[in-house]
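Enquirer: Listed below are the residues making up each chain.
There are 2 protein chains.
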Amino acid sequence: MSENQFQKLVSSFSLLPGIGKKSATRIGFHVLRMDPASFQSWINGIKEARERLHFCQICGGLTEETICNICESSKRDASIVCVVEQPEDIFFIENTKEYFGKYHVLNGSISPLDGIGPDQLRINELIHRVDEGEILEVLVATNPTLEGDATASYLSNLLKNRDIRISRIAHGITIGGTIEYSDQYTLGKAIKSRLTL
Amino acid sequence: MSENQFQKLVSSFSLLPGIGKKSATRIGFHVLRMDPASFQSWINGIKEARERLHFCQICGGLTEETICNICESSKRDASIVCVVEQPEDIFFIENTKEYFGKYHVLNGSISPLDGIGPDQLRINELIHRVDEGEILEVLVATNPTLEGDATASYLSNLLKNRDIRISRIAHGITIGGTIEYSDQYTLGKAIKSRLTL
Numbered sequence: 001m002s003e004n005q006f007q008k009l010v011s012s013f014s015l016l017p018g019i020g021k022k023s024a025t026r027i028g029f030h031v032l033r034m035d036p037a038s039f040q041s042w043i044n045g046i047k048e049a050r051e052r053l054h055f056c057q058i059c060g061g062l063t064e065e066t067i068c069n070i071c072e073s074s075k076r077d078a079s080i081v082c083v084v085e086q087p088e089d090i091f092f093i094e095n096t097k098e099y100f101g102k103y104h105v106l107n108g109s110i111s112p113l114d115g116i117g118p119d120q121l122r123i124n125e126l127i128h129r130v131d132e133g134e135i136l137e138v139l140v141a142t143n144p145t146l147e148g149d150a151t152a153s154y155l156s157n158l159l160k161n162r163d164i165r166i167s168r169i170a171h172g173i174t175i176g177g178t179i180e181y182s183d184q185y186t187l188g189k190a191i192k193s194r195l196t197l
Numbered sequence: 001m002s003e004n005q006f007q008k009l010v011s012s013f014s015l016l017p018g019i020g021k022k023s024a025t026r027i028g029f030h031v032l033r034m035d036p037a038s039f040q041s042w043i044n045g046i047k048e049a050r051e052r053l054h055f056c057q058i059c060g061g062l063t064e065e066t067i068c069n070i071c072e073s074s075k076r077d078a079s080i081v082c083v084v085e086q087p088e089d090i091f092f093i094e095n096t097k098e099y100f101g102k103y104h105v106l107n108g109s110i111s112p113l114d115g116i117g118p119d120q121l122r123i124n125e126l127i128h129r130v131d132e133g134e135i136l137e138v139l140v141a142t143n144p145t146l147e148g149d150a151t152a153s154y155l156s157n158l159l160k161n162r163d164i165r166i167s168r169i170a171h172g173i174t175i176g177g178t179i180e181y182s183d184q185y186t187l188g189k190a191i192k193s194r195l196t197l
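The listed protein sequences correspond, in order, to chains A and B.
If you count by full-length UniProt numbering, then the first sequence holds residues 1 to 197, one letter each, in order.
If you count by full-length UniProt numbering, then the second sequence holds residues 1 to 197, one letter each, in order.
Treat the hints with care, as some may be off.
Note that identical chains are pooled: a pair holds if it fits in a single copy or bridges any two copies.
[To be verified] Only pairs whose alpha carbons sit at most 20 Å apart, straight line, appear in this in silico EDC-like list of lysine to aspartate or glutamate:
1. 75 x 94
2. 47 x 35
3. 21 x 94
4. 160 x 114
5. 8 x 51
6. 8 x 94
7. 8 x 89
8. 160 x 137
9. 192 x 89
10. 192 x 51
11. 8 x 48
12. 22 x 89
13. 21 x 89
14. 8 x 64
15. 8 x 88
16. 8 x 65
17. 21 x 88
18. 160 x 125
19. 192 x 125
20. 97 x 132
21. 22 x 94
22. 160 x 94
Calculated from the structure, these hints are not laboratory results.
Isolated chain A, as found in the complex (with noise of 0.2 Å):
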């Protein structure tokens, strides 16, 4: 058993996202046992996308473009930007096909304990998007953690004094859940806001 080496081939998978020691070990056996043809390709695929894919300078989401589908298209709403934390958060709102607006990626959100500050983010470059004046609504869809709800007080006080709506994703209990399993803290925030029916 040649340890070292093969350390080295799983530390190269562990340090992706979500990947313990376990599986990192598995993947690195399969990745041996790859024949030559489809490792090559397999690596070709990866190098070709990191090549051809961007983020688009107006909303940092993903594009083989300057500027992404969304931000060029006359058909989405340019007086609506939903702000998210990251791109990969752009897809899953797509895929709800509830959102015809356009997008904003902040790339975090505010952590002082990871020493990430508003001037980390792309905060600036969506204070001047509101002000060019066409955006009326803000929708802050950053995640119901800590650092999501000081990012989206943060943003609501800065665009406080424009002439906009601000809003925030809603809370609640999920779609097919009970209140019987649901944790008291979404419960609370459902109960906080509540509709009028």
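Dock chain B against the given chain A, drawing on the hints supplied.
Expert: For chain B alone, kept in the frame of chain A given last:
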């Protein structure tokens, strides 16, 4: 959003064992965000591992040489050989520090539904090793699955006329586990394999 190229990237990762579509998406974004130098050294690490690591010509385990350390070592008991399904199983058994013999990797288990019969496994190589005369015990450490059990029975039949001991690792209640939470099959095995105190 450029779905096409990104979908390809996600597929590159979701073909790895244990990686679903959501994990593959997160890994894809992680790889896109790596700076060029980190990405290059990540790719080079994987390539180098593939170039330097081989499967041992005797046992089928992982090595940087033609023959692995365990097969080469005169400190390991050559009279007992532990038969495992996959090279990675050697790692897990070595970690126990309870086994000091040699190994033999089958590269799978008998599985008619997947078209894997004895000829697709390294069984002939095992027979050759046994026929060299030094081996006194074959410890079958295939998994406690339908396929692993079938493989163990097959090997036991194949070797029964030779003057050697054929053993199988014990199955029973996990250390720290309780009878209440053991599944019925494990508990049944534990009763059948009971030891005299």
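Enquirer: Would you mind marking each hint as holding or not holding in the structure?
Expert: Each hint, compared with the structure:
1. 75 x 94: within (14 Å within a copy, 61 Å between copies)
2. 47 x 35: both (18 Å within a copy, 13 Å between copies)
3. 21 x 94: So residue 21 and residue 94 pass the 20 Å test across copies only (16 Å; inside, 33 Å).
4. 160 x 114: Neither: 27 Å inside a copy, 63 Å across copies.
5. 8 x 51: between (25 Å within a copy, 13 Å between copies)
6. 8 x 94: between (38 Å within a copy, 18 Å between copies)
7. 8 x 89: between (32 Å within a copy, 18 Å between copies)
8. 160 x 137: Within one copy, since 11 Å is at most 20 Å while 78 Å is not.
9. 192 x 89: So residue 192 and residue 89 fail the 20 Å test inside a copy (25 Å) and across (53 Å) alike.
10. 192 x 51: Result: close neither inside a copy nor across copies, 47 Å intra and 60 Å inter.
11. 8 x 48: Between copies only: 10 Å across chains, 24 Å inside a chain, cut-off 20 Å.
12. 22 x 89: Only across copies: residue 22 and residue 89 sit 12 Å apart there, 28 Å inside one copy, limit 20 Å.
13. 21 x 89: Between copies only: 14 Å across chains, 27 Å inside a chain, cut-off 20 Å.
14. 8 x 64: Between. Shortest inter-copy distance 13 Å satisfies the 20 Å Cα cut-off; intra-copy 32 Å does not.
15. 8 x 88: between (29 Å within a copy, 15 Å between copies)
16. 8 x 65: between (35 Å within a copy, 17 Å between copies)
17. 21 x 88: Only across copies: residue 21 and residue 88 sit 12 Å apart there, 25 Å inside one copy, limit 20 Å.
18. 160 x 125: within (17 Å within a copy, 75 Å between copies)
19. 192 x 125: Neither: 32 Å inside a copy, 69 Å across copies.
20. 97 x 132: This pair counts as neither: shortest intra-copy Cα distance 27 Å, inter-copy 67 Å.
21. 22 x 94: Intra 33 Å, inter 15 Å, cutoff 20 Å: inter-copy only.
22. 160 x 94: neither (27 Å within a copy, 62 Å between copies)
Violated hints, in rising order: 4, 9, 10, 19, 20 and 22; the structure is consistent with all others.
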